[in-house]
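**Student:** For reference, the chains in residue letters:
There are 2 protein chains.
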Amino acid sequence: MKKLGRQTWQFDTEPRVLSTGTVAGKVESEGPLGQWFDVRLVQDGMQDASWERDEQNLMRQAVETALAKAKLSPNDVDVALGGDLNAQLTGFYFGLRDFNFPELGLYSACSTMTQSMALAGLLVDVGAAHTVLAGTSSHNSTAERQFRFPTEYGAQKPETAQRTVTGAGMAVVGAGAGNVVIREATIGEVVDFGIKNPWEYGAAMAPAAFRTIMTHLDATGRKIDDFDCIATGDLGRIGHAILRDLFAQQGEDPGNILTDCGMLIYAPEQPEVFSGGSGAACSSLVTFGYLLEKLRIGTWSRILVAATGALLSTFTSQQKDSIPAISHAVVFERRGG
Amino acid sequence: MKKLGRQTWQFDTEPRVLSTGTVAGKVESEGPLGQWFDVRLVQDGMQDASWERDEQNLMRQAVETALAKAKLSPNDVDVALGGDLNAQLTGFYFGLRDFNFPELGLYSACSTMTQSMALAGLLVDVGAAHTVLAGTSSHNSTAERQFRFPTEYGAQKPETAQRTVTGAGMAVVGAGAGNVVIREATIGEVVDFGIKNPWEYGAAMAPAAFRTIMTHLDATGRKIDDFDCIATGDLGRIGHAILRDLFAQQGEDPGNILTDCGMLIYAPEQPEVFSGGSGAACSSLVTFGYLLEKLRIGTWSRILVAATGALLSTFTSQQKDSIPAISHAVVFERRGG
Chain Z
0 MKKLGRQTWQ
10 FDTEPRVLST
20 GTVAGKVESE
30 GPLGQWFDVR
40 LVQDGMQDAS
50 WERDEQNLMR
60 QAVETALAKA
70 KLSPNDVDVA
80 LGGDLNAQLT
90 GFYFGLRDFN
100 FPELGLYSAC
110 STMTQSMALA
120 GLLVDVGAAH
130 TVLAGTSSHN
140 STAERQFRFP
150 TEYGAQKPET
160 AQRTVTGAGM
170 AVVGAGAGNV
180 VIREATIGEV
190 VDFGIKNPWE
200 YGAAMAPAAF
210 RTIMTHLDAT
220 GRKIDDFDCI
230 ATGDLGRIGH
240 AILRDLFAQQ
250 GEDPGNILTD
260 CGMLIYAPEQ
270 PEVFSGGSGA
280 ACSSLVTFGY
290 LLEKLRIGTW
300 SRILVAATGA
310 LLSTFTSQQK
320 DSIPAISHAV
330 VFERRGG
Chain L
0 MKKLGRQTWQ
10 FDTEPRVLST
20 GTVAGKVESE
30 GPLGQWFDVR
40 LVQDGMQDAS
50 WERDEQNLMR
60 QAVETALAKA
70 KLSPNDVDVA
80 LGGDLNAQLT
90 GFYFGLRDFN
100 FPELGLYSAC
110 STMTQSMALA
120 GLLVDVGAAH
130 TVLAGTSSHN
140 STAERQFRFP
150 TEYGAQKPET
160 AQRTVTGAGM
170 AVVGAGAGNV
180 VIREATIGEV
190 VDFGIKNPWE
200 YGAAMAPAAF
210 RTIMTHLDAT
220 GRKIDDFDCI
230 ATGDLGRIGH
240 AILRDLFAQQ
250 GEDPGNILTD
260 CGMLIYAPEQ
270 PEVFSGGSGA
280 ACSSLVTFGY
290 LLEKLRIGTW
300 SRILVAATGA
310 LLSTFTSQQK
320 DSIPAISHAV
330 VFERRGG
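Quick mapping for you: the protein sequence lines, in order, are chains Z and L. Each residue of the first sequence is one higher than the one before, counting from 0 in numbering that gives the first Met the number 0. Each residue of the second sequence is one higher than the one before, counting from 0 in numbering that gives the first Met the number 0.
Treat the hints loosely; a few may be bogus.
Repeated chains share a single entry, so a pair holds when one copy, or any two copies, can fit it.
Claimed, not checked - The list that follows gives simulated cross-link-like pairs (lysine to any residue, SDA-like), each with its CA atoms no further than 25 Å apart:
| id | residue 1 | residue 2 |
| --- | --- | --- |
| 1 | K195 | N56 |
| 2 | K195 | S316 |
| 3 | K68 | G126 |
| 4 | K1 | R15 |
| 5 | K25 | R147 |
For the record, the hints were derived by calculation from the structure and aren't laboratory data. Owing to the predicted nature of the structure, the values given are computational and were not obtained by experimental measurement.
Starting from the given sequences, assemble the full structure and let the hints guide the process.
**Tutor:** Set out below in structure tokens:
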């Protein structure tokens, strides 16, 4: 690997994305990207003993799907990396506990997907692991209870709110076959613009995405139009508009290259999706199910995914603290074959 | 770096521990290791607006201490790694938000210290970072509220309980001067023996520590008496006795080589320390403040620290689920000079 600047890693051996497994909830399966997901839930509502168990099951199913598609068994995995939004990462740790993987739990809220893929790329690139599983889960009802109100309360939401995605996405990264490579990663820093309203994640996270994307472009010497697609994690429509303003202030117009996983996953006319999707699985479902497929089938040749995380907790909201945010970026490229 | 077996990393360039910063609470400062800590709090009780703010302050102070001792400024740090027990890692992310470090939040409960040091060693060894900050915090009152009952309830505890350590420990890892190196790391897997009582972390975690230590010895070909000290994270007296039984079942007697940070940090006669210390800062305070100093001054030449994490959350306890556990191990060695 090569270190570019303070916080960008370029992977010389070009670790491959060997397979992905995506499990999407009912609303996500009914959305514009529904056809791209491996497993589409047809039922809404609790399936197991609790919402938390449901999320653990999503995580497990995404692992099983990714391993099956790569024709690997759990023992072939040297380490599993990932996380979720539940306190103490119980989606990840409880969801995977029967596989006996060596595990590294990671947390940067909805930026955990790119944090996982950055480290997966590094571990494979330097030979610390031959095969890595990496990804995230989220669940609408575990997140509502965790960060806002239990869904049973029927609390009303403003239009700046976002809908937490129900689903899980896992990727197998290794040195085998496959034409999608992890080329670079940029580790983000915490950015706090003092926003305190937990219905305005998009506004809190847009500056973090902007800073990480600019840091990445600086470190690599690339320009926006060197990419076929730059996708943020889950800014939603409002955060996305703010990010465009931040680019405009620098004289940049990313045009159609810039999109957002939270805007792609739902159609605006779907009920109760508000400003778009959010949640740790928003960027993993959209990236693993859709964006990487566009590379795989040859529509695109290079994309940047900058997942974005709002670093609040129930306690920090109750204690009236602001919402720091972070964004980690990963560049995926298509290779011939 | 060299990969040994499935999950052990050996660091060829031998990353150095350049400095450490330890901030200990009042009870910890009054304990048998009190003299070894850099900052010793003389007051108990809330210092800032909340227990959570207090913990963030501990984390910040540990960073400032570690940087000052290494004569570095925040801009010299390429990435900060760490975590804490608070939901969504607010001790780490809020505690460090003013430093502008690129950051990777990690979580494996009280095993987060060795998870952080394993990744710190890797990042420096492979050139992904020149200088890394790594460590953890915990706070007795944030943990009581998070995992059990707010301290104001005055809930009584059984003797199997452990006292969550108040404190923070951070280490600067890099390629500069210093005679303590990170030689190897072994990434643990989740072990679940079905224990459901949240007052018995030690019993839940002992099998995870045992498995990781045995995995490490297998991968490296070392024996127990190749180490001057093998310290688990926070099993406490009861978990420690169980770990000795597990060794005995394999015909092994680690004798005085085996110890536990949770046993070292408090004297049994201190009030309300029960079976010993726990918390993400237990192993970071004891390791950074005491164990690494024994290497530095030449008393020892090789130690293994296997911090141990109980992977429960408030919800998983309330939902009557068991307590999976994990342990990551790091080997530190003394080099001449």
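**Student:** Against each hint, give a clear statement of whether it holds in the structure.
**Tutor:** Here is what the structure says about each hint:
1. K195 with N56: Between copies only: 20 Å across chains, 33 Å inside a chain, cut-off 25 Å.
2. K195 with S316: within (7 Å within a copy, 30 Å between copies)
3. K68 with G126: Intra 23 Å, inter 33 Å, cutoff 25 Å: intra-copy only.
4. K1 with R15: Both, since 17 Å and 20 Å are each at most 25 Å.
5. K25 with R147: within (21 Å within a copy, 35 Å between copies)
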